[in-house]
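Participant: Chain by chain, the residues:
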Amino acid sequence: MAGSLRALRRRIRSTQSTKKIFSAQELIAGARIVRAQARVEASKPYAREITRVLSALASSASLEHPLLTERQDARRAAVLVITSDRGFAGSYNVNVLRRTEELLSLLRQEGKEPVLYVVGRKGETYYSFRDRPMAETFTGFSEQPGYADAQAVGSALIDAFAAGQDDGDGGAGEGGVLGVDELHIVYTEFRSLLAQVPVAKRMAPLEIEEVEEFDYEREDREAGRTGDSGVPTSYEFEPSAEALLDALLPKYVTTRIYAAMLEAAASESASRRRAMKSASDNAEELAKNLSRQANQARQAEITQEISEIVGGADALVSAGADD
Amino acid sequence: MATLQVELVAVERTIWSGEANLVIARTTEGEIGVLPNHAPLLGELAPGGVVTIRTVEGEDLVVAAHGGFLSVTPAKVSILAETAEISSEIDVERAREALRRAEEGGDDPEALAAARRAQSRLQAAGQSS
Numbered sequence: 001m002a003g004s005l006r007a008l009r010r011r012i013r014s015t016q017s018t019k020k021i022f023s024a025q026e027l028i029a030g031a032r033i034v035r036a037q038a039r040v041e042a043s044k045p046y047a048r049e050i051t052r053v054l055s056a057l058a059s060s061a062s063l064e065h066p067l068l069t070e071r072q073d074a075r076r077a078a079v080l081v082i083t084s085d086r087g088f089a090g091s092y093n094v095n096v097l098r099r100t101e102e103l104l105s106l107l108r109q110e111g112k113e114p115v116l117y118v119v120g121r122k123g124e125t126y127y128s129f130r131d132r133p134m135a136e137t138f139t140g141f142s143e144q145p146g147y148a149d150a151q152a153v154g155s156a157l158i159d160a161f162a163a164g165q166d167d168g169d170g171g172a173g174e175g176g177v178l179g180v181d182e183l184h185i186v187y188t189e190f191r192s193l194l195a196q197v198p199v200a201k202r203m204a205p206l207e208i209e210e211v212e213e214f215d216y217e218r219e220d221r222e223a224g225r226t227g228d229s230g231v232p233t234s235y236e237f238e239p240s241a242e243a244l245l246d247a248l249l250p251k252y253v254t255t256r257i258y259a260a261m262l263e264a265a266a267s268e269s270a271s272r273r274r275a276m277k278s279a280s281d282n283a284e285e286l287a288k289n290l291s292r293q294a295n296q297a298r299q300a301e302i303t304q305e306i307s308e309i310v311g312g313a314d315a316l317v318s319a320g321a322d323d
Numbered sequence: 001m002a003t004l005q006v007e008l009v010a011v012e013r014t015i016w017s018g019e020a021n022l023v024i025a026r027t028t029e030g031e032i033g034v035l036p037n038h039a040p041l042l043g044e045l046a047p048g049g050v051v052t053i054r055t056v057e058g059e060d061l062v063v064a065a066h067g068g069f070l071s072v073t074p075a076k077v078s079i080l081a082e083t084a085e086i087s088s089e090i091d092v093e094r095a096r097e098a099l100r101r102a103e104e105g106g107d108d109p110e111a112l113a114a115a116r117r118a119q120s121r122l123q124a125a126g127q128s129s
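Chains as they are written, first to last, in full-length UniProt numbering: chain W, 1 to 323; chain H, 1 to 129.
Certain hints may be false.
[Unchecked claim] Subject to a maximum C-alpha distance of 20 Å in a straight line, what follows is the list of computed SDA-like cross-link-like pairs (lysine to any residue):
#1 H:Lys-76 - W:Ser-59
#2 W:Lys-112 - W:Arg-202
#3 W:Lys-20 - W:Ser-278
#4 W:Lys-288 - W:Ser-4
#5 H:Lys-76 - W:Lys-277
#6 W:Lys-277 - W:Arg-75
#7 W:Lys-44 - H:Ile-15
#8 W:Lys-20 - W:Gly-87
#9 W:Lys-44 - H:Thr-83
#10 W:Lys-277 - W:Arg-52
#11 H:Lys-76 - W:Glu-238
#12 H:Lys-76 - W:Thr-18
#13 W:Lys-112 - W:Gly-179
#14 H:Lys-76 - W:Arg-98
#15 W:Lys-201 - W:Lys-277
#16 W:Lys-44 - H:Gly-18
#17 H:Lys-76 - W:Thr-51
#18 W:Lys-44 - H:Glu-12
#19 H:Lys-76 - H:Ser-17
#20 W:Lys-44 - H:Arg-13
#21 W:Lys-277 - W:Thr-18
#22 W:Lys-288 - W:Asn-95
#23 W:Lys-44 - H:Pro-36
#24 H:Lys-76 - W:Ala-47
#25 W:Lys-112 - W:Lys-201
#26 W:Lys-201 - W:Ser-278
#27 W:Lys-44 - H:Ile-24
#28 W:Lys-44 - H:Gln-5
[Said to hold, decoys possible] Pairwise CB distance ranges, derived in the manner of DEER restraints:
#29 W:Arg-132 - H:Glu-29: 45 to 55 Å
#30 H:Glu-31 - W:Asp-246: 39 to 49 Å
#31 H:Glu-31 - W:Ser-234: 21 to 31 Å
#32 W:Ser-105 - H:Ala-111: 23 to 33 Å
#33 W:Ser-105 - H:Thr-14: 38 to 48 Å
#34 H:Thr-14 - W:Ala-243: 39 to 49 Å
#35 W:Arg-86 - H:Arg-13: 52 to 62 Å
#36 H:Arg-101 - W:Ser-234: 39 to 49 Å
#37 H:Val-92 - W:Gln-16: 50 to 60 Å
[To be verified] Calculated Cβ distances over 12 Å to all of chain W for the following chain H residues:
#38 Asn-21
#39 Leu-22
#40 Ile-24
These are calculated hints, taken from the structure and not from any lab test. Note that CB positions come from ideal geometry on N, CA and C, so glycine has one too.
Construct all of the structure, not just a fragment, from the sequences and the given hints.
Facilitator: Rendered as structure tokens:
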């Protein structure tokens, strides 16, 4: 009996110390969400401006650019998966990877060979454990991605895309490098603190996506600086519109990767906080149950001791009476 | 007098926004000065360029902007940059150090880009290298 009491006490202690770790993780993740959300907000003005510049260009230049044109009989498709570096985030990585698998099988059905680009150690482990080839992996920044990280990822993808342009039936074309014909991205969208949804999007050939509903024309009118309303502004370009498009589109792709990484980082923290909250709740519940059991065991021990003493005294008394 | 509504945005945050009388920038084609009521314009900023914004208070705001675009619309002037720093925030010592390191890097394109960035930072801070 005494042994089980000691064992119980030890388990209570260890549960309590794990609980401390969980709640510390929960607090850290909580603080990170706030910061990640602030970064998402801070990155929006740039995204809005670059979209606006692109739309202005689109209305003026003839849109002939490899990043915009659909390729006939696309053969290989790059898939960028954004996962986390650390675990302890509940179903965050599982969900992203499941969504990725769906996309991969869809691509295979369409007769395209998927090529994996993975961000985050968890995704890397997942695919290397399954012996699946990865074109490139990027790790070490999943929680706090910087723009430089997005640039590294973006330039790898854009290079692969550019290399895919001249690929023939037999394999690599003039470039000598086997490239890709499409770019896809899978990441977790941060809807709210409670809802993070894994989404898959196609980045290239790209459709210019409005960041948010925004009436630029009206903004111009309200500023009272447009001449005739309704007439689209005609821009001067420096250098030519085509050269600008060349310079802008890769940046636009990088911006979208950056935005996706920021959202993923916010989702990761949110999902980690939720997982850690339920873990520390469970630990507390477990500690409560264990201490009940420990109390019971202690009580049983005391009762047993008393009955032993009483029994011993009785025996002594009866032995004395016999004399 | 009419003024320009200027927004200077880097990828990670908005650096500055406000009213100005004049914006001077260098595009890949050459220097350009933008006054109020300028015709709509889209330009690519020269790598390692410096942008000067003369605010309505008459102050000159000198900014090192890397990898950017200039967009002038009737409503406002926006300067988009991958990274941008206002001269008062530039740490001259660090920029010097970065330049020295980058120059040791030789001909590797990344080192060259870093060197250009450092140079424009120094230029913006009024310390030519």
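Participant: Is the gap between the beta carbons of Arg-132 of chain W and Glu-29 of chain H within 45 to 55 Å?
Facilitator: With Cβ atoms ~48 Å apart, the hint holds.
Participant: Given the hinted pair Lys-20 of chain W and Ser-278 of chain W, is their alpha-carbon gap at most 20 Å?
Facilitator: Satisfied, since the Cα-Cα distance of roughly 13 Å is no more than 20 Å.
Participant: Compare the distance between the alpha carbons of Lys-112 of chain W and Arg-202 of chain W with 20 Å, and conclude whether the hinted pair is satisfied.
Facilitator: Cα-Cα ~14 Å, so holds.
Participant: If you draw a straight line from the CA of Lys-288 of chain W to the CA of Asn-95 of chain W, is it 20 Å or shorter?
Facilitator: violated (32 Å)
Participant: Take a quick look at whether Lys-44 of chain W and Thr-83 of chain H sit within 20 Å of each other, Cα to Cα.
Facilitator: The given pair, whose Cα atoms are some 15 Å apart, holds under the 20 Å limit.
Participant: Tell me if the straight-line CA distance from Lys-76 of chain H to Thr-18 of chain W falls inside 20 Å.
Facilitator: Outside the cut-off at roughly 56 Å; violated.
Participant: Is the straight-line distance between the alpha-carbon of Lys-112 of chain W and that of Gly-179 of chain W 20 Å or less?
Facilitator: holds (12 Å)
Participant: Does the alpha-carbon distance linking Lys-76 of chain H and Thr-51 of chain W stay inside the 20 Å limit?
Facilitator: Roughly 15 Å between the alpha carbons, so the hint for Lys-76 of chain H and Thr-51 of chain W holds.
Participant: Are the Cα atoms of Lys-44 of chain W and Ile-24 of chain H separated by 20 Å or less?
Facilitator: violated (25 Å)
Participant: Assess, step by step, whether the Cα of Lys-288 of chain W is no farther than 20 Å from the Cα of Ser-4 of chain W, and give holds or violated.
Facilitator: It holds: about 17 Å lies between the C-alpha atoms, which stays within 20 Å.
Participant: Straight-line Cα separation of Lys-112 of chain W and Lys-201 of chain W no greater than 20 Å?
Facilitator: holds (16 Å)
Participant: Is the nearest Cβ of chain W still more than 12 Å from the Cβ of Leu-22 of chain H?
Facilitator: holds (16 Å)
Hint violations for this structure: numbers 5, 6, 10, 12, 14, 15, 22, 23, 26, 27, 30, 32, 34 and 35, all remaining hints satisfied.
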